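Chains as they are written, first to last, in our numbering: chain A, 1 to 118; chain B, 1 to 110.
Watch out, some of these pointers could steer you wrong.
[Stated by the list, open to error] Subject to a maximum C-alpha distance of 25 Å in a straight line, what follows is the list of computed DSS-like cross-link-like pairs (lysine-lysine):
hint, chain 1, residue 1, chain 2, residue 2
1, B, 106, B, 68
2, A, 43, A, 75
3, B, 44, B, 55
4, B, 44, B, 106
5, A, 43, B, 44
6, A, 43, A, 64
7, B, 55, A, 64
8, B, 55, B, 68
9, B, 44, A, 81
It should be emphasised that the hints constitute simulated quantities derived from the structure, not laboratory data.
Predicted, not measured: the structure shown is a model, and the values here were computed from it.
The primary structure of each chain is shown beneath.
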Amino acid sequence: QVQLQESGPGPVKPSETLSLTCSVSGGSISSNYWGWIRQPPGKELEWIGYIYHSGSTSYNPSLKSRATISIDTSKNQFSLKLTSVTAADSAVYYCARLDAMGYYFDRWGQGTLVTVSS
Amino acid sequence: QSALTQPASVSGSPGQSITISCTGTSSDVGSYNLVSWYQQHPGKAPELMIYEASKRPSGVSNRFSGSKSGNTASLTISGLQAEDEADYYCCSYAGSSTVVFGGGTKVTVL
């Protein structure tokens with residue numbers, strides 16, 4: 001059974017870049033699509049973007065090009081970078097597997113809380 | 001790309017049925033049968049309950065069912081149980097390889 005685990009360096013300062021990695025186990029990353037979703041404390045889910053193993057990507061237009069998702073098939077990992085962060089980017093960040101035929105997320109990581117604070 | 005509209009809260013007594021609505025537009029829910037529903041307990045990751053508007057993943061109770069009419073999708077929970085108390089989110093394909101989530105609905109079992 002495919003499992004996902006997010007990891008990151010911890011708190012981020014305003015205007016800096018948030019970097020997270022999702023490690024996939026129990027299956028190859030070289031199939032399916034892989035996405036990032038975030039949830040500010042007490043608020044709703046927000047889709048950030050997704051990537052295919054070929055490297056093709058799609059992003060939420062609301063993030064205005066601040067987000068970049070990349071993939072490393074040799075490590076079975078994919079990553080998120082979000083530039084110029086503000087307090088509004090503080091959230092639990094989830095990585096998930098996306099079924100690209102039905103556009104649904106069928107496997108999720110446990111999530112990691114990222115706080116943006118000076 | 002605007003969030004799909006869900007009621008903030010829905011409640012019901014054990015054994016009853018409740019329905020959560022998810023209203024979008026002709027650009028998302030209305031144009032595709034690509035609506036999914038997720039259950040999220042406090043402090044936990046979301047879990048897929050319904051996909052492609054009405055299909056249930058293996059392992060999900062048949063008390064959960066989904067439907068869609070026009071720009072509105074719905075999730076019905078029948079035989080409500082205490083363990084169903086959670087937040088529920090809808091999600092739809094929105095064209096141009098994008099997806100959009102709803103604002104979430106808190107289900108309370110009275």
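Given pair status - residue 75 (chain A), residue 43 (chain A), alpha carbons within 25 Å: Violated: residue 43 (chain A) and residue 75 (chain A) sit about 33 Å apart, past 25 Å.
25 Å Cα cutoff - pair residue 43 (chain A), residue 64 (chain A): Status holds; Cα separation ~21 Å.
Restraint check for residue 55 (chain B) with residue 68 (chain B), where alpha carbons must lie at most 25 Å apart: It holds: about 12 Å lies between the C-alpha atoms, which stays within 25 Å.
25 Å limit on alpha-carbon distance, applied to hinted pair residue 44 (chain B) and residue 81 (chain A): The given pair, whose Cα atoms are some 23 Å apart, holds under the 25 Å limit.
Pairwise hint evaluation, residue 44 (chain B) against residue 43 (chain A), where the allowed Cα distance is 25 Å at most: OK: residue 43 (chain A) and residue 44 (chain B) at ~14 Å, within 25 Å.
Residue 106 (chain B) paired with residue 68 (chain B) [C-alpha distance capped at 25 Å]: Measuring from Cα to Cα gives roughly 20 Å; hence the hint holds.
Hint consistency between residue 55 (chain B) and residue 64 (chain A) [alpha-carbon to alpha-carbon, up to 25 Å]: Distance ~34 Å between residue 55 (chain B) and residue 64 (chain A) Cα, so the pair is violated.
25 Å limit on alpha-carbon distance, applied to hinted pair residue 44 (chain B) and residue 106 (chain B): The given pair, whose Cα atoms are some 14 Å apart, holds under the 25 Å limit.
Agreement of residue 44 (chain B) and residue 55 (chain B) with the hint, judged by alpha carbon distance not exceeding 25 Å: Status holds; Cα separation ~23 Å.
In this structure, the hints that do not hold are numbers 2 and 7, in rising order.
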